[in-house]
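Colleague: Sequence:
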Amino acid sequence: MKPTMFDHRTLMESFTETADRAALFKRHLRRGLDRLHDSHGRGASGREVTAAWTALVDELLRALLRSLLEENPVSDEPALVALGGYGRAELNVRSDVDLMLLYRKRLTPELEALNEKMLYVLWDTGLDMGFSIRSVDECLSLARTDLKTLTSLFDQRLITGDNTLYDHFYKAVKARLFKRGGIDSFINEKLEEQARRHEKYGGSVYILEPNVKEGEGGLRDFHTACWIAKARGGDPLVEPAALGLLSESELRRIRDAVDFLFWVRNDLHFDTGRKTDQLTFDHQERIARLLGFRDKPHCLAVEAFMEQYYRHAMTVSHISGLVISRTIHAQKSRSFWRERRPRPIDDDFSIGDGKLFIRERAVAERPAVMIRAFRRMQEHGVGLSQPAREVILMNLRRMESAREEPEAAADFLDILRGPRVFDTLREMHNLRLLDKLIPEFGEIHCKVQHDRYHIYTVDIHTLFAVRELERLSTDEYASRFPLLARLYGEVTDRAVVFLGVLLHDIAKAGGRGHAERGAEMTVEICRRLRLPKEAARHVKFLVGNHLILADTAQYRDLHDDKLILDFARKVGSPERLDLLYLLTFADVRAVGPDVWNRWKGALFQELYFKARAVIERGTFEIEDAQERLDARKSEIRALATAVDPAYVEEYFGLLPKRYFLATPPEAVAAHMELARSLGGRPLVMKVRQVKERAYTELTICTYDTHGLFAKMAGVLAANSVNILGAQINTLRNGVVIDVLQVKSSYDTLIEDAARLERIERELTEVITGRARVEELLARRKPSILDLRTKPRVPTRVLIDNDVSDVYTVIDIRTQDRLGLLHDITSLLTTLGLFIHVAKITTSGDEAADIFYVKDIFGQKIYFKERLEKIKTALCDVIERRADGEETSAVAG
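Every position in the sequence shown, counted from 1, becomes a number in this note's numbering once 141 is added.
Once the Cα atoms are required to be at most 27 Å apart in a straight line, the calculated DSSO-like pairs of lysine-lysine come out as:
#1 703 <-> 774
#2 995 <-> 1012
#3 884 <-> 827
Since the hints were made in silico from the structure, they are not lab data.
Between the sequences and the hints, there should be enough to build the whole structure, so can you do that?
Modeller: This is the structure we're talking about:
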């Protein structure tokens, strides 16, 4: 691609002759942009497009300034200087164009007039301009106090104007600003700025919707490394490649990675018509198609594209880090640090300046020494020196032959038992040493899960799960999660639980069924690591069953005795239950910042305690229900002192045994009072704030009507209330007591009195026929979050007659949307099904709605034809009401 698009003389003449320079400038920009868009679509590289766009803007600015100077001569010619990305000649299309009109000492009226005329033209061209006019001294003075201005001087370039003035400016910058003390401060500030930026944009290369420019592994990381290298080199215009900081291979890799990011950023800007750096889901899917990726059985096209993106971003992050580390290390080597030689700690390692050094010959002789290096880091509380990283990187292939050596296995297990496990594994992962030791882990490197629930790639999620588990040893987590912290402290061999966490998603590269396949993969891994047989069996159990505690607690009725017995029987022992609970905690918390909440934590803890009681009892049989029922009724009588004793006895005959065994006695007493107070009113509602579990409980007492729960669900959805769970109790006299656990759509308690009054009023109006749910839902406008493009969530309907002795369980997973629960429950009513328990969970954009139902005769649904009809009808109503959202339905 030719970077020059116009003849300079002809272009300048056209600017001189026209009266509307802004329109001419804009016309040339549009024409050039169209040509570049076409080149981009035909396969031009990211750098080719940025270079051509930079050259086009250069030509237009030169022609504009020369024409203005011919029309308005000045005695002291200024210099037009490009800064920032434009100064680097790396101008992405539609990015900011930063310019400085530089003059010597005095701002004359002629220069002011020139500046105004130039600004008048530029502001009307459609370019995003950053324009300043400064003298040499003003620029130097500002750079001493303003980091942004100083940074911009590292990427300066003369476009046109007085060459002598620019040379004077460049020499002044180099002489006055690139001094040792100031440079040390600059480097520290840039490193602190980078740390803040990483935290702001997600804290990982592998974030769900990465920022191509500002995120970790984005273009700004590379720029920061270049600035630091230039600062140490003492010359703002020196290229880091010229400083000998990278090998030819590293230079090639970083150039390819940066070129890829340039291409992606250009494409985002072309597609949106503006500066856009967030690689959102809709852009990911579009670019994947554009680059020719295709869906495969175990990998979507968009996932394959994002894996490629993350590999390039990781290259940028890794090599930018190398540039910074080598720059700082080289400076120390030239200073008094050379005199402080590392102190040997054994034949293979030494420590200096808080860093571990490796004897290179030891690695060549015994590659397993690379694993021991990380054990030594833990023991001495130090980091890994840059030379040690270089040694490991150069010898990675040697690890393949050493992964089964007893020394490597023993040291790795000791790492899992030692301090700073997360930091150590992360360093091993960044150097790809973890992948060489456990090649199965390498299969999930950069593995993408394209949904809004999983925030990170599989490998990073796994490492973050390790971090969450390890944090249970901190005072903060001991205060927030005392039971889990105690269980973590009681683990006899932490290598087992950390290995379970590290391997729990090891088979995700193969698609569905990863828990079962992962369990089989652990057999070989544990053999290589020489884990004792009992410990290896624990690891296999944890990986194969790492989903069952979370799934059972969230999606099943924890008051079902059979369910608890089946779960306890599968776990088998208190030790395995403790380990499984710890793994579940770490796994869920590592998914993303908002996935764990007190409601979910309370469900997990409830299941843990119930299963623990069964396991410790030693018998996996249901206890005598009549004895428990009699004891429970005695408790209720003692509490229901405000209710007529005759009504208490009558109430015992109005509901099934399960209600009294599953409902806390104090709640039963409150329900009696509520039912007694209903009288002739259509509805009464009692509100309880359960702050320790972070939800609001609504107890609604009314008379049974057709589709009652569907109406409740609709009213609550119209008021931006999410239902977490529901216990539906219908008395034999036609009174209904429904207990709903709810939250606001912002995941908070519902404490506003006016809002609660409106909910009660609208429930009454709908039940009495004075209002329609559809009208209430129509008034609610979708939030900005509702309008975002989302990954497709396929609809799946499963019906289970085995999990409960009493109910048929309908398990629905689909795309979450406004009114979904109302649509589903309305259909279930139409199909003649009665809902007794509902569990509602939303993970990202996926809704999991589970219903325990009976037919009109109070029986489970057994007939195959009817079960198929229910599945088909549910899929149809979900798809039909999805307002055009593209999903696919699977009834199974």
